Structures are given as structure tokens and as C-alpha cells.
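Q: Please build the complex by placing chain B on the supplied structure of chain A, with the hints as guidance.
Protein chains: 2
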Amino acid sequence: MNPIAEMVQGPVGWLRNQGPEGDRILSTRIRLARNVVGTRFCGRAIDAELAALGDQIEHSSLLLPEFAEGSAVQISKLPILDRQFLLERHLISHDLTAEVGSRGLVWARDESRSVMINEEDHVRIQVLMPGFQVETAYAAAREVDEKLRVNLPFAYDESLGYLTACPTNVGTGLRASVLIHLPALVLTQRIKKILKGVTQVGLTVRGFYGEGTEVMGNFFQVSNQVTLGETEAETLKKLDRVVRQILDWEKKAENTLLSDAELQIEDKILRALGTLKYSRLLGSGEVIGLLSAARFGSTLGMKNVPPVPVLNDVLLRCQPAHLQRLAGREMVAEERNAFRAEWIQKNLGVSDVPRREV
Amino acid sequence: MNPIAEMVQGPVGWLRNQGPEGDRILSTRIRLARNVVGTRFCGRAIDAELAALGDQIEHSSLLLPEFAEGSAVQISKLPILDRQFLLERHLISHDLTAEVGSRGLVWARDESRSVMINEEDHVRIQVLMPGFQVETAYAAAREVDEKLRVNLPFAYDESLGYLTACPTNVGTGLRASVLIHLPALVLTQRIKKILKGVTQVGLTVRGFYGEGTEVMGNFFQVSNQVTLGETEAETLKKLDRVVRQILDWEKKAENTLLSDAELQIEDKILRALGTLKYSRLLGSGEVIGLLSAARFGSTLGMKNVPPVPVLNDVLLRCQPAHLQRLAGREMVAEERNAFRAEWIQKNLGVSDVPRREV
Numbered sequence: 001m002n003p004i005a006e007m008v009q010g011p012v013g014w015l016r017n018q019g020p021e022g023d024r025i026l027s028t029r030i031r032l033a034r035n036v037v038g039t040r041f042c043g044r045a046i047d048a049e050l051a052a053l054g055d056q057i058e059h060s061s062l063l064l065p066e067f068a069e070g071s072a073v074q075i076s077k078l079p080i081l082d083r084q085f086l087l088e089r090h091l092i093s094h095d096l097t098a099e100v101g102s103r104g105l106v107w108a109r110d111e112s113r114s115v116m117i118n119e120e121d122h123v124r125i126q127v128l129m130p131g132f133q134v135e136t137a138y139a140a141a142r143e144v145d146e147k148l149r150v151n152l153p154f155a156y157d158e159s160l161g162y163l164t165a166c167p168t169n170v171g172t173g174l175r176a177s178v179l180i181h182l183p184a185l186v187l188t189q190r191i192k193k194i195l196k197g198v199t200q201v202g203l204t205v206r207g208f209y210g211e212g213t214e215v216m217g218n219f220f221q222v223s224n225q226v227t228l229g230e231t232e233a234e235t236l237k238k239l240d241r242v243v244r245q246i247l248d249w250e251k252k253a254e255n256t257l258l259s260d261a262e263l264q265i266e267d268k269i270l271r272a273l274g275t276l277k278y279s280r281l282l283g284s285g286e287v288i289g290l291l292s293a294a295r296f297g298s299t300l301g302m303k304n305v306p307p308v309p310v311l312n313d314v315l316l317r318c319q320p321a322h323l324q325r326l327a328g329r330e331m332v333a334e335e336r337n338a339f340r341a342e343w344i345q346k347n348l349g350v351s352d353v354p355r356r357e358v
Numbered sequence: 001m002n003p004i005a006e007m008v009q010g011p012v013g014w015l016r017n018q019g020p021e022g023d024r025i026l027s028t029r030i031r032l033a034r035n036v037v038g039t040r041f042c043g044r045a046i047d048a049e050l051a052a053l054g055d056q057i058e059h060s061s062l063l064l065p066e067f068a069e070g071s072a073v074q075i076s077k078l079p080i081l082d083r084q085f086l087l088e089r090h091l092i093s094h095d096l097t098a099e100v101g102s103r104g105l106v107w108a109r110d111e112s113r114s115v116m117i118n119e120e121d122h123v124r125i126q127v128l129m130p131g132f133q134v135e136t137a138y139a140a141a142r143e144v145d146e147k148l149r150v151n152l153p154f155a156y157d158e159s160l161g162y163l164t165a166c167p168t169n170v171g172t173g174l175r176a177s178v179l180i181h182l183p184a185l186v187l188t189q190r191i192k193k194i195l196k197g198v199t200q201v202g203l204t205v206r207g208f209y210g211e212g213t214e215v216m217g218n219f220f221q222v223s224n225q226v227t228l229g230e231t232e233a234e235t236l237k238k239l240d241r242v243v244r245q246i247l248d249w250e251k252k253a254e255n256t257l258l259s260d261a262e263l264q265i266e267d268k269i270l271r272a273l274g275t276l277k278y279s280r281l282l283g284s285g286e287v288i289g290l291l292s293a294a295r296f297g298s299t300l301g302m303k304n305v306p307p308v309p310v311l312n313d314v315l316l317r318c319q320p321a322h323l324q325r326l327a328g329r330e331m332v333a334e335e336r337n338a339f340r341a342e343w344i345q346k347n348l349g350v351s352d353v354p355r356r357e358v
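Residue numbers (the numbering used here), protein chains in the order written: chain A, 1 to 358; chain B, 1 to 358.
With the rest of the complex left out, here is chain A:
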């Protein structure tokens, strides 16, 4: 079976459980950027060089126990829909969907570990874990890193650290991010001030799909900015500390909302749930907002709200390429929106949605 066809059917392996602080934190992501000595950076190399190195990286990766039941593809050989699917799955970058030549991906069956090959850097090791587990995710990434370097000599400078194509990654080559859901801070309008503070301590905040994307559904991606002049341990510790602080503020804002405007908040959440369960057409942007509201209801302890793991799964799998891949065909927006509504209602266990008798 085509590995992507298999992914289309089932839930996302690493996202099956909620993880620590899973009510408010969707996922933790670690990325390590590495380049291999003896081959020019991807932007400078000719494709023959990249092809040779790509084969070597793919082969080395597939030897690791992490990728024992894993898969490998060459991105440029994939249909565009499959590339968009991998992007929505957070396994490849937006840039990679458009690239030609020897660009590849190796990933574990549960998608918790992956290696992007010849994107901006020769090697990008990625670990995805549910909830808030910066240390654990980093340890897993480091393990892949240690094992890969046995066969692949990574470019490392004693004073600078790891050498990368873009200067912003030189040093640790580490990007650690946490995808956090902050509806209470948004509703109490405290979010702007808090994000400003986060930026001032050297972290960055991005939208749902990473760099340069819009914030949707009150999901914020908080990650380190600095890779040079601090150790991995320092980077992780700072991120951990700041995220715990944000979580505290979010919980306080929840309490404020519940004591000042409980009915209004419940009403907002329930209406979103009603729309999710009943509408006939659901747009990809709108649905993120609705799922965000439902998630907030679950966090606040409302009964009969779909559990967070179900909401996480639906959030990821109701994206455009996912739905088209599932339907087995390209669909225009309206057709997709109808398919999405039906798919979501099936996955939320709704069985009594009225339909016209034909």
C-alpha cells in the first residue's frame, strides 16, 4: 500500500493521546538543522550532488530503529495533492511543496519522527509529540541526530556550532516550538500584551501553520528565536519556563471569564458546537474557529463536548488536501465544504442531522 494512502485512512499516530497539559497545549515540536560535510548547501549544490547525498541520508535514516516501519518518498515525484497532504500533516515545509529535484522525506509510521532531506538544509530532523513535553521531544530528536551522525559527518564549527544554510539557525540548529491554545487570553484581550512580552525575552510567536501564517482558532506557536550563544539546555529551559507562565495566565483568564460571564462563554461554545454538528457546508477557516471553541468547552469541563483527542484529530484531518485525498479526487471549495461538514459530523458521532428526502 502507498504509505500516504495508508496515512489518509487512520488517525495520526503520535496525536492519539493528549500528552501533558494537553487541554491547552496541542503539541511540542523539535527540529534540528544539520548539513553534511563535503556537499555544498542545497541552495548552491547541483542536483546530482543533492541526489547522491539524498540517497545516503534516506538510506542512513531507514536503518534506524525509529524508522523501522517507516516510509520514504521523493517529494518532487509526488502528485501536488500528496505534497499538500504532507504539508498539512506538518511533515514538510511550505517551500518543499513547490521544489523540484532531489528533495525527500523519511518518516516513522506514527509520524513522531521524521527527516526532511535537502530542504533548506541537507538534514532536518523533526520530532512531534502531543501536549507539552519539550525535554522528551528534544531527547528523541537528539537520539536520531546521534545515530545519523555515525554515517553522516555533520558540519560543526567549534566556536559557532552547527553550520546551516541560513545564519538564523547557526549554532544549535534547534527550533523548539509549542502549539498552545489561548482562547481565554484572546477573549479577555490580554493576549497582545503577553505576546509582546514573549517576544522581548527572545521567543517568537507564529500562527497555526508556522512562520508567516495567520493566527487561527486561538492557536499560537511559541518557539525559540535564538540558536547562537546559548546551549540547547538553556533554549529548552527558557521555552519551558515562558510557556508555563503563559499557561498560568490562561488559567487565570479562564477563571475570570467563568466568574464574570459564564453564560455568555457557554453560549458561545455551545453555538459553535451546534454549528459543527449541524451545518451542511463548513469552510476550512471557519472550522478551525469552531473546533477552537469546542476545545475550550472541553478545557472548561463542559459535559458531552467531544474529547480533546477527537478534536485534535478532526482539526488536523479536516484540512483541504486531507479531505481531497480521502475522497480520492480534487474538489472545488463548495464540494469540499460539503464533504468536510459530513466528515466532521461522522467523526463527532452525530447521526441525526436533518437531510432532505430526495
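Treat each hint with caution, since some may be false.
[Claimed, not checked] Per label pair, the in silico range of CB-to-CB distance:
{"hint": "1", "chain 1": "A", "residue 1": "Asn255", "chain 2": "B", "residue 2": "Val350", "range": "22 to 30 Å"}
{"hint": "2", "chain 1": "A", "residue 1": "Gly197", "chain 2": "B", "residue 2": "Gly285", "range": "38 to 46 Å"}
{"hint": "3", "chain 1": "B", "residue 1": "Val350", "chain 2": "A", "residue 2": "Asn347", "range": "56 to 64 Å"}
[Unchecked claim] Straight-line Cα separation of at most 20 Å, EDC-like style, residue types lysine to aspartate or glutamate; simulated pairs:
{"hint": "4", "chain 1": "B", "residue 1": "Lys268", "chain 2": "A", "residue 2": "Glu286"}
{"hint": "5", "chain 1": "A", "residue 1": "Lys268", "chain 2": "B", "residue 2": "Asp47"}
{"hint": "6", "chain 1": "A", "residue 1": "Lys346", "chain 2": "B", "residue 2": "Asp267"}
{"hint": "7", "chain 1": "B", "residue 1": "Lys346", "chain 2": "A", "residue 2": "Asp267"}
{"hint": "8", "chain 1": "A", "residue 1": "Lys268", "chain 2": "B", "residue 2": "Glu342"}
[Unchecked claim] In silico contact screen, one side only, chain B against chain A (beta carbon under 7 Å); selected entries:
{"hint": "9", "residue": "Arg40"}
{"hint": "10", "residue": "Leu263"}
{"hint": "11", "residue": "Asp267"}
{"hint": "12", "residue": "Leu270"}
{"hint": "13", "residue": "Arg271"}
{"hint": "14", "residue": "Leu273"}
{"hint": "15", "residue": "Gly274"}
{"hint": "16", "residue": "Lys277"}
{"hint": "17", "residue": "Tyr278"}
{"hint": "18", "residue": "Ser279"}
{"hint": "19", "residue": "Leu281"}
{"hint": "20", "residue": "Gly283"}
{"hint": "21", "residue": "Ser284"}
{"hint": "22", "residue": "Glu342"}
Note that these hints are calculated values from the structure, not bench results. Predicted model, so just to flag it, every value in this text is computed and none were measured. Using N, Cα and C, we set each Cβ at its ideal position, and we do this for glycine too.
A: Then chain B, alone, in the frame of chain A:
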């Protein structure tokens, strides 16, 4: 038991069944204005005169088989909440809720027949029937009229007809109205032109609560304008003909919508249904729009939509005075909106609405 307390509990008797064309026509109403010879019009009489006549009208009415299990009240002795309740029930006029002195109401147990006493005219006979049945409703009103005149000499002029306090009612004293639901003509934006045509043939169109009230939920009250120079039969025939024409246009507009925008229409209806079933706070204006959409779904043959008699009952009984009378206390708007949402969900048979565990 206080007759109003009894009405608060159960469904509205005359509205239990849908009646002819009940998908698109909520109700038919006939009103006959009469005055009694020997007593001055209400606006000119002193209260002692009205009190004496009022007793006589009440007594005469209660003798009729139509009111055998009926009730009678003196409006000014009722608490304001009960007066608003009777107004919402379409049994008294807005003016009557504020009047002092000897103003009364006699009504049959199922509320299909009633007599307003000393409102603008001494006697206002009213018949309410479900669906579209102008002839039947008129015959029922006429029967009350014939029986009452045995004891009450109604002022009648050979050339003018019945004499009434306001010149606009002189002649037949008849107001025949049909409350019609026209969502398809509203959505296809044909309604304005049609209402203009209706006005040109001597009929009037009013909102949900009668004269001078706003159109809500796509409900239009179509009634005769003219009472002088045409017979009752002519008035009824014209109303019947015009309403049948409007019904035809509405059905054509429904077909247009279903062939041009079926998904969008279904989506609109289902979202309204989701909001009805899930929200925690429902305003009195908003709910009419939502029930209108649900009703449209039922008309279009959607499965699992609450049946029209349930929607009719909910529409009438979710009004502010109804809810407060049911709760047994006055409530501020937010409290009312929470009570309304819960009451509607109970009546629509929704049992799985998420709530916070306390």
C-alpha cells in the same frame, strides 16, 4: 384553577393541528367589530355605562355553547404579566394591555373563539384557526355573532352596515387575516414586489404582532383593508384568491432555491437548527428567525426537523410573558434568554446539550 395559570401549562388548543396549507400558513384569523345600540362608543362612554354593558356582553357570551368551558376576566384587574400573556396569545390587543376600567375578555377553552369587551368597539368577536381556512373561520365567527345578537342589539345602518368607533371598520366590521410564512420569496428578494401588488388590490400586509409591528421570521399577516362597499363574501373571496396566488409564488421560489442553491439553503436551515438546539442564551427576536428557518426546513421536506405543530407551539410559547408566567416570576432579559434556551431544547427533545460540571 386560575384560567390563565392553566393556559400557561399546556399547548395552545386550536394550534394543535396544522390545518390546510399548514406548511406555509400558520393561522387564519377573523375579527368582527360590533357595537351595542343604546350605549355610547367606548371612547365616549363613562365607565359606569361600560361596566353595565360589559357585564351584559360577558354574561351573554358565557351562555353560548362556544364558551361552555370558557373563561372570562376583567383585563384591568389582571397583573401586567397576565395581560402581556394574553397579548402574546393574540387574545387581546396591545391597546387593551394598558387600558383601565371595564374592559374584558371571554374565551373558549381552546382559544379558537373569543370576545374582547369594550376595547375600541363594545364587542370584538375573534376566531383563530390553524392553517388556511378563511370560510370556515368566518362561519364560526358569524355563528357567535348571530347568537350574541339575540341578546345584544348591534348597531346597524341599512346603507352603511355595522357602525363602529373607527370609520375604517364601518360596513362589515370584518377583518380577515392570514399569517403566512414566506422565506423563499424573502430569500429570492421577490417579496417587495409581491407585497406592493397585494397592497394595490386593497389588502394590507402587517408584521408578526399585527398593525404597526415589524416583520419577523418571514411571517407576514395579509388582511383585508376595505370594510365598506363590499360584502363579507367578496372580502373573503378576494383574500382567499390573493393568498393562493402568493402561495403559488412561494412554492415556485422554493423550487428555484432548491435547484440553484440547495446546499446553501440546507446549510442555512441546519445552522439555525444547531443554534436552536445548542445555544445557552436565546433572545426573543433571534428565536423567531431561527424557528422560521427550521419551519422552512420542514416545508422543504428535510428529515429530522421538528414537525410544524411543534414549531408553532414553541413559537407562540417562547415569548417573554409566557416564559415569565411559566417560571412564576419576572425575569431580566439575560435570565429570560437562558430560561428560553433551556425550555426550547426541552420542547424540541434535545437531551445531550453539554453543560459544565459544577
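Q: The structure should be examined with respect to each hint, and the outcome stated for every one.
A: Going down the list of hints, with the structure as the test:
The given range of 22 to 30 Å is respected by asparagine 255 of chain A and valine 350 of chain B, whose C-beta atoms sit roughly 29 Å from each other. The hint said 38 to 46 Å for the Cβ distance between glycine 197 of chain A and glycine 285 of chain B, and at roughly 42 Å that hint holds. Range check, valine 350 of chain B to asparagine 347 of chain A: about 21 Å between beta-carbon atoms, so the 56 to 64 Å window is missed. Using a Cα cut-off of 20 Å, the hinted pair lysine 268 of chain B and glutamate 286 of chain A holds, with the two alpha carbons roughly 15 Å apart.
With a CA separation close to 53 Å, the supplied pair lysine 268 of chain A and aspartate 47 of chain B exceeds the 20 Å bound. Restraint check: the Cα-Cα separation between lysine 346 of chain A and aspartate 267 of chain B comes to about 16 Å, which is no more than 20 Å; the hinted pair holds. This hinted pair checks out: lysine 346 of chain B and aspartate 267 of chain A have alpha carbons roughly 16 Å apart, not beyond 20 Å. For a cut-off of 20 Å, the pair hint linking lysine 268 of chain A to glutamate 342 of chain B stands: about 15 Å separates their Cα positions.
The interface hint given for arginine 40 of chain B is broken, as the beta carbon of that residue sits about 53 Å from the closest beta carbon of chain A, more than 7 Å. With its C-beta approaching chain A no nearer than about 6 Å, leucine 263 of chain B sits inside the 7 Å limit, and its interface hint holds. Because the smallest distance between the Cβ of aspartate 267 of chain B and any Cβ of chain A comes to about 4 Å, under 7 Å, the interface hint for this residue holds. Checking leucine 270 of chain B against chain A by beta carbon gives a least distance of about 4 Å; that is within 7 Å, so the hint holds.
The criterion of a C-beta within 7 Å of any C-beta in chain A is met by arginine 271 of chain B, whose closest approach is roughly 5 Å, and the hint holds. The restraint placing leucine 273 of chain B at the interface with chain A holds, with a minimum CB-CB distance near 5 Å, inside the 7 Å limit. Among the interface hints, the one on glycine 274 of chain B holds; its C-beta lies about 3 Å from the nearest C-beta in chain A, closer than the 7 Å criterion. Interface hint status for lysine 277 of chain B: upheld, as the beta-carbon distance to the closest one in chain A is roughly 6 Å, under 7 Å.
Hint on tyrosine 278 of chain B holds. Least Cβ distance to chain A is approximately 3 Å, under the 7 Å limit. Nearest Cβ of chain A to the Cβ of serine 279 of chain B: about 5 Å, under the 7 Å cut. The hint holds. The interface hint given for leucine 281 of chain B is met, as the beta carbon of that residue sits about 4 Å from the closest beta carbon of chain A, less than 7 Å. Restraint check, glycine 283 of chain B versus chain A: the minimum CB separation of about 11 Å is more than 7 Å; hint violated.
Of the supplied interface hints, the one on serine 284 of chain B is violated, with its beta-carbon coming no nearer than about 15 Å to a beta-carbon of chain A, more than 7 Å. Interface hint status for glutamate 342 of chain B: violated, as the beta-carbon distance to the closest one in chain A is roughly 11 Å, over 7 Å.
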